[in-house]
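Number of protein chains: 2
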Amino acid sequence: MTGRPAVVLLSGGLDSATVTALARAQGFEVHALTMLYGQRHAIEGEAAKRVGQALGVTAHVFQHIDLRAFGGSALTDDIAVPKSSPDAGPSQGIPVTYVPARNTILLSFALAYAETIHACDVFIGVNAVDYSGYPDCRPAFIAAFEHLANVATKAGVEGHRFTLHAPLIDLTKAQIIQQGLELGVDFSLTHSCYDPSPDGLACGSCESCNIRRHGFNEANVADPTRYAPAQPY
Amino acid sequence: MTGRPAVVLLSGGLDSATVTALARAQGFEVHALTMLYGQRHAIEGEAAKRVGQALGVTAHVFQHIDLRAFGGSALTDDIAVPKSSPDAGPSQGIPVTYVPARNTILLSFALAYAETIHACDVFIGVNAVDYSGYPDCRPAFIAAFEHLANVATKAGVEGHRFTLHAPLIDLTKAQIIQQGLELGVDFSLTHSCYDPSPDGLACGSCESCNIRRHGFNEANVADPTRYAPAQPY
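Chains as they are written, first to last, in our numbering: chain Z, 86 to 318; chain H, 86 to 318.
If we strip away everything but chain Z, and leave its shape as in the complex, we get (with noise of 0.2 Å):
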């Protein structure tokens, strides 16, 4: 039986991979689109293939799309990637890393495939918790994108209704690899490092590899992530 089919924002990370493993479970045809967006870590376009692969998607776009020509991100630009302590908290305020409109974009580009292939549900594993700085991540935002979809497409103004899901948005990262270990995620396969090492070990001293790593140590589960031998910071 195919299920209807749905547009999955897939990054390679943990939060996308759940999501992936989320709408599958719904009894959606998960059609995933991976946006590699000039990033320094392009190691995330194999990582995603290996989940989309895992998790048994129908099919998988990738985009390349050029945020450089902007600039203004530590993960664009030649902004340092910040490092701490792994037992910092969580930074104050929008970090560097945050990606001007990143969100906006890829969910365009989503939102264009979603209306090609003629689905009206869209999929993106965003979460207010730990990512509380950055403006694209809340519920306004959400509500405003599925708002927008539903006036900007024939879809919509022939009546069918979009529907963007974020069902991580208020989850810890501990919850969302819970959740993922249930639906059978590899969390082995998934990235989340903002600043790899070539061969692509996580740094384990970004912010993004802090919130991980706090993540299996908070839900009591093993972490597989294959760290980087030990930088001073």
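Keep in mind that the hints are not guaranteed to be accurate.
You can't tell identical chains apart in this list, so a pair holds if it fits in one copy or across any two.
What the hints assert, rightly or not - List of simulated lysine to aspartate or glutamate pairs, DMTMM-like, C-alpha gap at most 25 Å:
no. : residue 1 : residue 2
1   : LYS134    : ASP284
2   : LYS134    : ASP151
3   : LYS239    : ASP151
4   : LYS134    : GLU243
5   : LYS239    : ASP284
6   : LYS134    : ASP271
7   : LYS134    : ASP308
8   : LYS239    : ASP255
9   : LYS239    : GLU131
Worth flagging that the hints you see were computed from the coordinates, not collected in a lab.
For chain Z, the structure is supplied; the task is to place chain H on it using the hints.
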């Protein structure tokens, strides 16, 4: 004297040239953004460059994106561009030249560019009179995107206010031409045709050519467009 920065989506067509001139006349320092999206007429890029230079833009960024990966439109896919008699009225319903989520994607890039250069104003030359069949040319779409921009971005969160300007939305093509001429736009530099010849001549029989030709007629202005020799349609 330098004005406030604004991002203007500049396709190289008649409408976006007029919008660029309008933004300049309102005192904005124009940062032009040309999105080349895998459509057949890469010739638009050249037109956009000429227009930007003639109108004295401060900066001009070109972004290549591949909407052909999704398909679904006569402008990005292998669907034939429809031709009609020059006297035919506008088509009914949503045309096959509609590109799924196109303006959402263009505006999301414009928003990223604006946020990076600390601009709070974005201009787009959409028009609801001639393009009433395109969902993403309507006032409701513009309002929804402006709202999204104000929740999606660092600037919005920090209390700056994004304004999305669509100054042509209620104008007829003739009125747009009149306005452009008053502002000194050289329309011979612009390009509108959906299906130009390899050397850049307009086909004269696609919807875009028809709307443009009617506009010059109605405005009682000589049409500077270079048309290819007439083809049977």
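Verification of the supplied hints:
no., hint, verdict
1, LYS134 to ASP284, "within (17 Å within a copy, 41 Å between copies)"
2, LYS134 to ASP151, "both (20 Å within a copy, 19 Å between copies)"
3, LYS239 to ASP151, "between (27 Å within a copy, 20 Å between copies)"
4, LYS134 to GLU243, "neither (34 Å within a copy, 37 Å between copies)"
5, LYS239 to ASP284, "neither (44 Å within a copy, 33 Å between copies)"
6, LYS134 to ASP271, "within (13 Å within a copy, 49 Å between copies)"
7, LYS134 to ASP308, "within (21 Å within a copy, 52 Å between copies)"
8, LYS239 to ASP255, "between (31 Å within a copy, 21 Å between copies)"
9, LYS239 to GLU131, "neither (33 Å within a copy, 30 Å between copies)"
Hints 4, 5 and 9, counting from the list given before, are not met by this structure.
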